[in-house]
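Protein chains: 2
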Amino acid sequence: MTRKVALMIMALMLPMLASAQKQFTLEDLNFGGTNYRNMIPQYRTIAWWGDTPVRLSADTVWTINPKTGAEKFLFTRAALPTDGNLSALSWAEFPYAGKPIVKLSDGDYLVLIDFKARKTLFKMKNDAAVSEWHPVSRNLAYIEGDNLWVARAEVNMAPPSSVTTPAQRQEFDDHMRVQRLTTDGSRDIVYGQAVHRNEFGIEGGLFWNPQGTRLAFYRMDQSMVADYPLVNVPELDDTTRVEATPAPEKYPMAGRTSHLVTVGVYDFATDRTMYLDAGDPTDRYFTNIAWSPDGNTIYMQELNRDQNDCRLVSYDAVTGKRLKELYRETHPKYVEPQHPIVFLPWDATKFLMYSERDGYNHLYLFDVQGNMLKQVTSGSWVVMDLLGFDAKAHTAIIASNEANPIGRNLYSVNIDTGKRTRVDEGGRGWHDGSLNPSGTMLVDVYQEPDVPRNIAFADTRTGKTTRYFTAPDPWQGYTVPTYECGTLTAADGTTPLYYRMVKPADFDPAKKYPTVVYVYGGPHAHNVDAGWHYRSRSWETYMAQRGYILFILDNRGSENRGRDFEQATFRQLGQVEMADQMQGVKYLQSLPYVDTTRLGVHGWSFGGFMTISLMTNYPDVFKVGVAGGPVIDWKWYEVMYGERYMDTPQTNPEGYELTSLIPKAKDLKGRLQIIIGLNDPTVVPQHAYSFLKACIAAGTQPDFYVYPGQGHNMRGHQSVHLHERITRYFDDYLK
Amino acid sequence: MTRKVALMIMALMLPMLASAQKQFTLEDLNFGGTNYRNMIPQYRTIAWWGDTPVRLSADTVWTINPKTGAEKFLFTRAALPTDGNLSALSWAEFPYAGKPIVKLSDGDYLVLIDFKARKTLFKMKNDAAVSEWHPVSRNLAYIEGDNLWVARAEVNMAPPSSVTTPAQRQEFDDHMRVQRLTTDGSRDIVYGQAVHRNEFGIEGGLFWNPQGTRLAFYRMDQSMVADYPLVNVPELDDTTRVEATPAPEKYPMAGRTSHLVTVGVYDFATDRTMYLDAGDPTDRYFTNIAWSPDGNTIYMQELNRDQNDCRLVSYDAVTGKRLKELYRETHPKYVEPQHPIVFLPWDATKFLMYSERDGYNHLYLFDVQGNMLKQVTSGSWVVMDLLGFDAKAHTAIIASNEANPIGRNLYSVNIDTGKRTRVDEGGRGWHDGSLNPSGTMLVDVYQEPDVPRNIAFADTRTGKTTRYFTAPDPWQGYTVPTYECGTLTAADGTTPLYYRMVKPADFDPAKKYPTVVYVYGGPHAHNVDAGWHYRSRSWETYMAQRGYILFILDNRGSENRGRDFEQATFRQLGQVEMADQMQGVKYLQSLPYVDTTRLGVHGWSFGGFMTISLMTNYPDVFKVGVAGGPVIDWKWYEVMYGERYMDTPQTNPEGYELTSLIPKAKDLKGRLQIIIGLNDPTVVPQHAYSFLKACIAAGTQPDFYVYPGQGHNMRGHQSVHLHERITRYFDDYLK
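Going down the list, the protein sequences come from chains Y and C. Reminder that position 380 of the first sequence reads as 380 in this note's numbering, one-by-one numbering, no gaps. Reminder that position 568 of the second sequence reads as 568 in this note's numbering, one-by-one numbering, no gaps.
It is possible that some hints are incorrect.
Claimed, not checked - To spell it out: a stretch of chain Y is covered by chain C in this simulated footprint if at least three of its residues, at any positions, have a beta carbon under 8 Å from a beta carbon of chain C; those stretches are:
hint	segment
1	220-230
2	719-732
Said to hold, decoys possible - What follows is a list of derived Cβ distance ranges for each label pair:
hint	chain 1	residue 1	chain 2	residue 2	range
3	Y	249	C	482	53 to 59 Å
4	C	496	Y	716	51 to 57 Å
5	C	296	Y	187	53 to 59 Å
6	C	198	Y	204	15 to 21 Å
7	Y	236	C	546	36 to 42 Å
8	Y	731	C	434	54 to 60 Å
These aren't lab readings, by the way, just hints derived from the structure by calculation. Quick reminder that beta carbons are idealized off the backbone N, C-alpha and C, glycines included.
For reference, chain Y alone in the conformation it holds in the complex (with noise of 0.2 Å):
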């Protein structure tokens, strides 16, 4: 063919090319990638200043009319006072409903400016990594050196009377101001920090009461727990660093010896400091502290170590003594506390409490006595969130699956009579919601499986929306797979299970594609809801496009379905989750297009143990494995969540011995991956490497990679080529 010839063919193919619909890249499917940000469904950003819902972007702030949807200029970043390092507006808050006062970051100082006045108010030094400031006191509690410390917003102390020159005084007040609480504070140490490894819905250390007056704060003692050996190997580009160098975690095992955790009190009017009295913390845990409205008593659930048996237990702030165990649950399995009490906003002497106590996680309202008065909420549902309270109208706006199982509406439910009202725009899809301060207003931000995202406002009262703001399809012009969700049934033969399918644009039902079964499968979580395209991961989307089909179950095991649903895989981790899994895999066996022979299976963490225990449990079924960060043997994961499922090593060797993948390691036939990332302080690189051991001494082949520097997931344009790595694997072994 010479030159000519084929130059006119390709212009006679170009006009076709520019019409055809456009190819996904990873970057622009993968979160870390180069063009993710322009192929996700747009987003606002929106705050309550007060009752008045605000936006945000980086320099400019509107209010919005929630019955119009209108926006009205309220200032800018560039109008506001600095020292140079002002934070982005989307970052404002609002604390003080009704006044001009926005709260921001300026360098390393919290500052609330009059926004009208153009006005610096206030102005605090607020650099520690882990820090609690409260708007009423405006006091400040930080983590500085491994200790506690806190700043006082006023100092009206009468200094004593050898301070004469203003600079003493100075000196006295500074002192005053910035005060250290604890001197032992070290690794070992650790004071006002999330302690149990996050568990029982722990998020930090740190909790001022309503008034900023008293400050609730964790101490854990871990010097007795095992450090795990991780490394840290010098970035590439560090000029001070040349030998890689140790980077201990202290890790506590299932069946070993963990933390010990107290609770702290400090008062600012005494300036004392003592601790709860809740005696001997060994094998104890401490979770969801909570405060009464009126400051003065701290509410905790203490757990077992064999979490079976939590009681919600009252001290009284000022002293420390323990003064009534207001409640107790117990379960053969296990009892897991998730949330703190929450008050009644119109009533200081009742809390609502969660519980899953009937089968699913329901509301119940007590009194502080101890009386459960009812229970708010019930039925074969479970509560996701309680988003706060429309005080006058005795309400509670929730967030529930009622609807449908893998969605997510919003109610308001009259706490007085029980019921229920959907408030929320469409009643279909994944709503997530922010309720205004009076609880008279909500933001409903919701996913539909056809819509990528839409903003609505929802008046509580009347249940009547107003859409905001309706995102374009990011995806327009390209050409996108089909998705599709259904049930099947579990292995118990009752259970419905829901499932999602992807399949290439071009399906077409004579051929046999090659079918990914991608998998999580652990609790705490799920793959498959109501949101856009059923909750599809873009990877799935990507592989789609490279001809592939893939399929994603949520086993028993899984959340949203109640306690029993969850609790079938008690002390034998993966063997139920498998078994539901298999339901799956007869399912795509029974449909001529999946090519049963190139059954491929995918899934990190959780989902890493369960890909390695389906490839070495079904080794004649699945051809190709990536796992990722993978649990390999249960003992060698942390005590907190490990020994809730399946309680300790000693006690029940049986279970361990079930799970564990060692003794399977014989038993690999397909080809395996298992990525880690070599600094994972989750699933620590002895799970892998131990499984790796185990294949080595058995003789079985599975292939490794690991990410340097890297967590229990990769972070950035890291996770594009960690995906092109997977997606290669697939391409070299099951297309």
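Chain Y is fixed; fit chain C onto it per the hints.
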């Protein structure tokens, strides 16, 4: 086809199958394989009892008549006295010529047994991992709890008058017998071990004088050396450990702070320890410790950190005083002392010293005043070993490659005349030898390209040899590839380089074969020699059986070819080596039967460095590579070896930059698998991790595997797994 017909066909085929040649497995060919011992040429273990050769098996010892090869029964293990744990006779030593005394171990004890009288003559506890016993004095030096101890064979000290009872006398004797010489031994302060990371020919740290009355020893202070954070993953059958534990390794990296070495001397007569007055040890290497025949003087080679200035210095072993600098050698690149001086047995005022000063490794005669009396050997070949002397004949017995650059032959050299006479059998191949004490008889253990192993006795005066053992071909009955050897011209246009090519047994020049270059390329090693099959590694045979051609070339920088050949790589390791390897590739490209679109490369350690260098510098030439334990950047390699060839990152930044594979990560195109031992203390994992980091950042995709618990090389059966893994990679992507 009916079952009956199928059976008939099988019946017809069976005799053919039975007569067909056998195929190799990795269990046959790999050194860790279950059948490997049957597949390597047989051996005989021979020791000297005075001038009488004795053959050792586990249970029996025979004397051998070296003139006829006839064996005569001497004694059995069963006949010897024992406390129950007598070692196999394969470990027997006969330290006293003419006396019927065998040295063995019996459990934790070293024993001397009169094998004629069947009586234990001497017994001494010897259970330390590091120890040195001296047959003349029968004293023992050993390391226990990081400190240096000595045990005296005989105690003749008069006890103090307070010692009166036999028990007190026993206690006194025990105290005198065993004595601790040091107290500050630790991981930081290391006594009696090899120092300078075993470079410069250093193999141990305890040096007896010829009388066994004085002990020189190394002391190394490495407290200032950075730790490399290796990690130990517990063995899977270890029931006592759960968590992985840190296993820090003192590892001085190029250009970084190194350890301090001093040399102590303990004198049994005076019970005193003192240190040689060698001056500040900072950035100096103290190597090749030797004693004068009278045991009163110590000789040491002292090298500067730059390794280009080496001095032979003598010390008074009584006072520690520096006596004299006897010799100094400098070179613009480097000087590398690797052998202690050796005194002439017939003249205690003269010694032989190795030097590469004329460009090749030769022997020089010096007197103790430091006068160089003569160059004993010379020529464009190298002395490879000095086996000993025939004192009466004034000859030294040496090994050299004078006859063949890739061979090794044994010669007697008359020290007075310089006359050399070859004394081995056949004069071809690769000869290892062991000389009797009087130097008149050699055991000549040798291979030739088509001789698996022969053992002969050689009279060092007449050169007359007697064949004692002829190993049968262990591969009889197998389909064996062909092994060829030839030379090419190096990239300098003049230097001949030796290569080996291995071709499938059914090689057909009309076909095109995938071809794998196996490479090492670093100093102090070679791959091609005149041993059996030209020293082909057995994996090459395995690969040839699978249809690959294998090609192995010893580039400039490798051993036995003289100083300039070796030093061509100075300050830019890998560059000249690659240029030479590409000469090999050019040759392969000229061969019609080599499929140049399917070229692979594999190497370990320096060969791993070469593999990745070749893959990234010639990304269009090599399609597939497997790099084991690779150096990635010489700045992470250790001081002693690294700075010899590369100087420091501070003094040779351009060399480090040129040779670093970090900037090459972006150029990776083909499939590259990197394999390391997780516990590699030689090329630490930081190399591979850093390369992965660079690849991840650059968006290239190497593969990776790690052997947990393994060091720089895989031991035992894990090596079978490794080679199955390496083979599979080429099968997957090159075949």
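Hint check:
no. : hint                         : verdict
1   : 220-230                      : holds (count 4)
2   : 719-732                      : holds (count 6)
3   : Y/249 with C/482: 53 to 59 Å : holds (55 Å)
4   : C/496 with Y/716: 51 to 57 Å : holds (52 Å)
5   : C/296 with Y/187: 53 to 59 Å : holds (56 Å)
6   : C/198 with Y/204: 15 to 21 Å : violated (52 Å)
7   : Y/236 with C/546: 36 to 42 Å : holds (38 Å)
8   : Y/731 with C/434: 54 to 60 Å : holds (57 Å)
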